[in-house]
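Keeping their order, the protein sequence lines are chains A and B.
Numbering of the first sequence is given in the numbering used here, commencing with residue 1 and proceeding in unit increments.
Numbering of the second sequence is given in the numbering used here, commencing with residue 1001 and proceeding in unit increments.
The set of hints was computed from the structure by calculation and includes no laboratory data.
These figures come from a predicted structure and were not determined experimentally.
We put the beta carbon where it would ideally sit given N, CA and C, even for glycine.
The reader is advised that the hints may include incorrect statements.
List time: in silico PhoX-like cross-link candidates among lysine-lysine, alpha-carbon distance up to 20 Å [to be verified]:
hint: 1; chain 1: A; residue 1: K58; chain 2: A; residue 2: K240
hint: 2; chain 1: A; residue 1: K206; chain 2: B; residue 2: K1141
hint: 3; chain 1: B; residue 1: K1107; chain 2: B; residue 2: K1006
hint: 4; chain 1: A; residue 1: K58; chain 2: A; residue 2: K328
hint: 5; chain 1: B; residue 1: K1141; chain 2: A; residue 2: K34
hint: 6; chain 1: A; residue 1: K302; chain 2: A; residue 2: K58
Under 7 Å between C-beta atoms, here's a sample of chain A residues computed to sit facing chain B [claimed, not checked]:
hint: 7; residue: E14
hint: 8; residue: L18
hint: 9; residue: P25
hint: 10; residue: G29
hint: 11; residue: A125
hint: 12; residue: G131
hint: 13; residue: T134
hint: 14; residue: L137
hint: 15; residue: I202
hint: 16; residue: L204
hint: 17; residue: K206
hint: 18; residue: V246
hint: 19; residue: M354
hint: 20; residue: P357
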Amino acid sequence: MTAPETIPTQTQRETFVLNLGPQHPATHGVLRVKMTMDGEYIVRAEPVCGYIHRMQEKMGENRTYAQFLPNTSRIDYLSAMTYTHAFVGAVERAARLAVPPRAEYIRVITSELNRISSHLVWFGAFLLDLGGFTPLLYAFDDREQILDLLEGITGSRLTYSYYRIGGLYNDVDDAFVKGTREFVARMRPRLKMYRALVTENIILRKRLIGIGPISAEMCRKYGATGPVIRGSGVAYDVRKIEPYSVYSEMDFIAPTFPEGDSMARYLVRMEEIAQSLRIIEQGLDKLPAGPVMAEKVPRVLKLPSGDYCYAVEAARGRFAVRIVSDGKEIPYRVKLRSPSLSNLSLFEEASRGMLLPDALALMGSLDLVIPDIDR
Amino acid sequence: MTNLLKILLTEPFRLVLALVVIMSFVGLNAAYLVWVERKGAGRFQRRPGPTEVGYAGLIQPIADAAKLLSKQLILPDGVDATLFRLAPLVVMAPAMISLALVPFGEKLVGRDINIGLLLIFALGSINVMAIMLSGWSSRNKYAIISAARVVSQNVAYEIPTLLVVITMILATGSMDLNEIVRQQAGFFWKWNLFRLDVNPLAPVTFLVFYICMLAETNRAPFDMAEAESELVAGAYTEYSGMGFGVFFMAEYANILLGCSVATVLFLGGWQSPVGIWSGLFWFLAKMYFLVFSVIWIRWTFPRTQFYGLLNLSWKILIPVSLFTLILTSAMMKIFHGFHGV
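Okay, chain A solo, but in the shape it has when bound (with noise of 0.2 Å):
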């Protein structure tokens, strides 16, 4: 057997292999990350996928628009609303369908909320990652406010599959309305609070700065998206640079930080949440009255044929979907872009060289969703 040529045959180090997963606490799921290392310094780690693919795609390919809808919950679990929101995006873009102004202010509503939920999550589970346990608890305590208001309109707590073709399940009450505002009050002092109890916890800082580098060229290489390539000082927003939805209404700032290592991406991240507060409250002041689902959305769908694609940006990054259709009910090829197999693919390349505990903090701070990884 000869040996892999990342291995410096000068010095002809003995190295072992690390099998890190499918079930490791680091890899938040079933992701399998073989590692070659030399002590606790990495020579080369390969990520494994394919322990959870549930084939989307194909799932796509044979089931109308209506019934593959619900699946675009369960891709990323974590971002269920902006994935609905690109799958309908696409349909409505190839079907030409008007979708009324409040149902398109409610969408982005529901998904910066969706948003912020995702990122209490990420922020909780880097921390454990990172051997912090509290601010896990303190992000669920604020992500469980989010997912009773969105309980309340949509009827589940993860999988939302709120949008529809041409609108909404249903409309939002007052309750609602109420209780996000209620919210956006109550989360910013939470995130002084954040910032006072970890961000600024001299041995995070110690853990993350200079930790994990990514030049915005290799972000551009593996197609990294999102945050990640944000934190590297690309302000890559697919809501800026070709806004969907209302978005081009909504007064907001991609954050972006140029350092490119782990703590510019976990800033990125904390920002963002301040950010989506204020995209929320504008949305919120701007609500228009009216329908939320549009009129003449036909009972059996057929697109014209063509070829469509809807970008959005979801928590981890751009999610695109795009559809071929030969103009009938079921489409020819659904091609679901996902951000975190791509972030997940540079993964290899930066942690080249890292000491296992750094390599963990950066896979931490890519904040990997492993079915989104596999689809």
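Knowing the structure of chain A, use the given hints to seat chain B on it.
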């Protein structure tokens, strides 16, 4: 009756009695510190903690122990069976013996010897060997990484600990724990923590000792050896049932021991802070306060990196403790004349 009492008070019986008491003390403490830790963690995390088994979950530790006892001790393929079975005992025994040397009260000490401090630190270093043994014999890569971490970490905290201890021996002129406590009689400013006339940096010395104690007991933020998000359970990965339970108990026994030694060296042991009613109560109060602070830290801070500990040790702890050692010896020479020498 008096004869029986006389026999019971002879040295061998006294020692056996002391060890039995210490063992039950450690056992009870380990069980109920787990409860305190879980309950405390619950409070820190805004949840109630254990509530189901008994009132406020008070029987939970007993249920846990029963569960661990009833489990099979799995011996994985290819482990070094002797060392694998030996390691939990080797980790537990030194902590027990060391606690027999700690003066809980003026007369309440298992074995009052004049080099108690030295013996405790000699026994304390066995702890590292035990974890290394368990890691090595487990035939598990995570366990071996953990064992390597423990050994490399050892240097980082042992040196400043011993420098601090030497400082304290210089300041007190004794290695007899009870004698050190006796010297701190009176109000709380007589405690070594506030003896600024001998060691102007005494609180800093205490802090160095406290940090090293956290590292020595493998507690957060220095729990790299069993960093569960990286190494699963570190050196204990392959242990099941009571094998794991004994390691768990040893962790708490070591916390008790570390806090006891800190109490004796710096906080006046069983001496009362107001000069009257000295005794066991004050010792336990001070010790449990330190134990609580250890738990508090665990549930507040994230874990450091092991090079973080090495940096902290070589760049801060060792220079600081070396400086306090030199300072104390100078102060002793100039103002106190080295205990009459």
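Each hint, compared with the structure:
1. For the proposed pair K58 (chain A) and K240 (chain A), the alpha carbon gap of about 31 Å is over 20 Å, so the pair is violated.
2. The hinted pair formed by K206 (chain A) and K1141 (chain B) fails the criterion: a straight-line CA distance of about 27 Å is larger than 20 Å.
3. Between K1107 (chain B) and K1006 (chain B) the CA atoms are separated by roughly 17 Å; this keeps the pair inside 20 Å, and the hint holds.
4. Restraint check for K58 (chain A) and K328 (chain A): satisfied, since their Cα atoms lie roughly 16 Å apart, inside the 20 Å limit.
5. Proximity of K1141 (chain B) to K34 (chain A) is assessed by CA-CA distance (about 13 Å); at most 20 Å being required, the pair is judged to hold.
6. Restraint check for K302 (chain A) and K58 (chain A): satisfied, since their Cα atoms lie roughly 18 Å apart, inside the 20 Å limit.
7. At a threshold of 7 Å, the smallest CB-CB gap from E14 (chain A) to chain B is about 13 Å, leaving the interface hint violated.
8. For the restraint placing L18 (chain A) at the interface with chain B, the shortest Cβ-Cβ distance is roughly 5 Å, inside the 7 Å limit, so the hint holds.
9. Because the beta carbon of P25 (chain A) sits about 5 Å from the nearest beta carbon in chain B, less than 7 Å, this interface hint is met.
10. The criterion of a C-beta within 7 Å of any C-beta in chain B is not met by G29 (chain A), whose closest approach is roughly 14 Å, and the hint is violated.
11. The beta carbon of A125 (chain A) comes no nearer than 9 Å to any beta carbon in chain B, farther than 7 Å, and the hint placing it at the interface is violated.
12. For G131 (chain A), the shortest C-beta to C-beta distance to chain B is roughly 3 Å, which falls under 7 Å, so the interface hint holds.
13. For the restraint placing T134 (chain A) at the interface with chain B, the shortest Cβ-Cβ distance is roughly 5 Å, inside the 7 Å limit, so the hint holds.
14. Annotation: interface hint on L137 (chain A) holds; nearest CB of chain B at approximately 4 Å, less than 7 Å.
15. For I202 (chain A), the suggested interface contact is broken, since its CB lies about 9 Å from the closest CB of chain B, more than 7 Å.
16. A hinted interface residue such as L204 (chain A) counts as satisfied when its beta carbon comes closer than 7 Å to some beta carbon of chain B; here the least separation is about 5 Å, so the hint holds.
17. Proximity of K206 (chain A) to chain B holds as hinted, the smallest CB-CB distance being about 6 Å (cut-off 7 Å).
18. The restraint placing V246 (chain A) at the interface with chain B is violated, with a minimum CB-CB distance near 36 Å, outside the 7 Å limit.
19. Interface restraint check for M354 (chain A): the shortest CB-CB distance to chain B comes to about 11 Å, outside 7 Å, so the restraint is violated.
20. With 7 Å as the threshold, the beta carbon of P357 (chain A) comes within range of chain B, its nearest partner Cβ sitting at about 5 Å, so the hint holds.
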